Amino acid sequence: MNTDLCALSIPELQAGFRSKAFTPVEAITALEQRISTTDPTVGAFLSRNFEHAVEAASNADISLPLGGVPIGIKDAIAVRGEFCTCASKILSGFRAPYDATVIARLRAAGAIPFGRLNMDEFAMGSSTENSSCQVTHNPWDPTRIPGGSSGGSAAAVAASQVPAALGSDTGGSIRQPAALCGCVGLKPSYGRVSRYGLVAFASSLDQIGPLARTTRDCAAVLGAIAGKDPRDSTSLELPPEDFLAGLGKDDLKGIRLGLPKEYFVDGMDPRVKASVEKAVDFCAQLGAEIREISLPHTEYAVSVYYIIATAEASANLSRFDGVRYGRRAENPSDIMDLYLRSRAEGFGSEVKRRIILGTYVLSSGYYDAYYLRAQKVRTLIRRDFTAAFDSVDAIVCPTSPEPAFPIGDRTDDPLKMYLADIFTIAANLAGICGISVPCGFIGEGEKKLPVGLQFLGKPLDEAGLLRIADTYERASGFTNLRAPL
Amino acid sequence: MAAPELDVQAVARLARVALSEEEVATFGAQLGRVLEHIELLGRVDISGVEPTAHANPVFNVLRDDEPIAGLQKEEVLALAPRQANSLVIVPKVIE
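Read top to bottom, the protein sequences are chains A and B.
For the record, in the first sequence the residue sitting at position 347 is 347 according to the working numbering, with numbers rising by one throughout.
In the working numbering, each residue carries its 1-based index in the second sequence increased by 1000.
Since the hints were derived computationally from the structure, they do not count as laboratory data.
A quick note: this is a predicted structure, and the numbers were derived from the prediction, not measured.
Every residue, glycine too, gets a C-beta built ideally from N, C-alpha and C.
Mixed in with the good hints, there may be bad ones.
[Said to hold, decoys possible] Stretch by stretch, here's where chain B covers chain A in the computed footprint (C-beta under 8 Å, at least three residues): (1) 62–74; (2) 227–239; (3) 361–375.
[What the hints assert, rightly or not] Pairwise CB distance ranges (calculated): (4) B:E1095 / A:D368: 14 to 24 Å; (5) A:T143 / B:E1050: 43 to 53 Å; (6) A:G445 / B:D1007: 57 to 67 Å; (7) A:P406 / B:E1050: 35 to 45 Å; (8) B:K1092 / A:P406: 22 to 32 Å; (9) A:S391 / B:D1007: 42 to 52 Å; (10) B:L1087 / A:R319: 54 to 64 Å; (11) A:F50 / B:Q1072: 21 to 31 Å.
Based on the provided sequences and hints, a complete structural model is requested.
Here's what the structure looks like:
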């Protein structure tokens, strides 16, 4: 067989299955071999069950929308019988007793959930360095971080270890690693995808979404996982949509793209700025009308986020108490000792830091000053977007202010790490959808580091957002990028 | 807004996390800087603005009242650090 099965996109895999050029078992076997040779360098996978995957592949119904397609899974999403640890010691050895709704839907669409992908512990981080399990390396330059928190998902896709993966995005955790690893990452609108079976971080912000090497593949995965779920009361009842239908356009004529002046800030890497400006010019060449817009409350987004997200996290993570599942400290003297020590031993530094901040901003006497004020500024941030979308169809801006930074570069400075999310956070606060696509490279020594371009769309306008991203991606040629490994 | 008066040790106890002396010192300094940054929000005029808890305000969502299979008792109990007689075992909580 001459074709490198690991290089194929989802439609190429499906065409091969249907023409009997190769089988789903051959595809998963090729990926397993690729993982065996590349993952000692990348470190994306925490575990994988190849035997199960082969069994599923041998029974795959290739007539289904994702029939026989392997999808990597972030370690925060429950797959029945498999480890689900959120890369945390407190869940070490925990196996999920049920499938998340997105997993059940992937299976119903014929896909094969394959492997557990590394992440920042409980999705708290922007570099995957907060994993308690292992370091994940950027496939484009293994001395650098892959971004986070879905760093394992982005690295596995960029390293051609899987054609697509699921991640979760609370403040940029799909889009930022996608940008830093040169792949496409979609955060759906709040309410588009059920979170049942996703370990909760910040419930008013969390969304599950796909990462892949093309926008089309992200659209195919979104089509499978989207929809109302009685088990997640925030999922919305919406008419079924074919997210692939509008793709394949050659130009952006008639599309109004907003360029937010607040998103080109001092302190961002000038090479990222240049790359994004070139991409915006290219969108104009493709026929888009570029309009300068203002999102005046942008500078407050990081502060609002670190109040709301930590507050919600402190509540959500109270379930890890050492009682019903997960790690329990040895020989507790009483129940308080059991809680205090199980959580002290189980959680890493960043998780403790955020639980403490979240508990503080919710505590008596500080609630109004922090949490309530943050929720009000959140309203203003949301209104900024509503006003902007009156005059534009989508917003175009950088995904991350800088390319992948060296491993260990800023682990001692949480505030600096938090500011890495400056361009992605507002979308979660406003509940809109966003996608990152590659738009160029920055040379760094012998290596080249990918740069991401972010499009932000109106709430529930994934179809429009995907259409724009797909047109840009194919016309620009920054499509199906594969890290040289 | 209130000046940051973060007593890390006290908040950690509320959050049921034991911290070492070193962690108390490190977190205190780091979170002090984060809270300083957050003070920025004091500048925003929020008079008359309603808070947003969720991007899509939906209320009273109920699913159809149809029984569906839950998880198997044995399977769930097997996840507990200690269990016996179909119960999760914890240290004595009532004197």
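A quick look at each hint next to the structure:
1. 62–74: violated (count 0)
2. 227–239: holds (count 5)
3. 361–375: Since 9 is at least three, the answer is holds.
4. B:E1095 / A:D368: 14 to 24 Å: violated, 37 Å
5. A:T143 / B:E1050: 43 to 53 Å: Given a distance of about 48 Å, which is inside 43 to 53 Å, the answer is holds.
6. A:G445 / B:D1007: 57 to 67 Å: With a Cβ separation near 46 Å, A:G445 and B:D1007 fall outside 57 to 67 Å, so the hint is violated.
7. A:P406 / B:E1050: 35 to 45 Å: holds, 44 Å
8. B:K1092 / A:P406: 22 to 32 Å: violated, 51 Å
9. A:S391 / B:D1007: 42 to 52 Å: The hinted range 42 to 52 Å holds for A:S391 and B:D1007, with Cβ atoms some 48 Å apart.
10. B:L1087 / A:R319: 54 to 64 Å: The hinted range 54 to 64 Å is violated for B:L1087 and A:R319, with Cβ atoms some 19 Å apart.
11. A:F50 / B:Q1072: 21 to 31 Å: holds, 27 Å
Hint compliance for this structure: hints 1, 4, 6, 8 and 10 are not met, and every other hint is.
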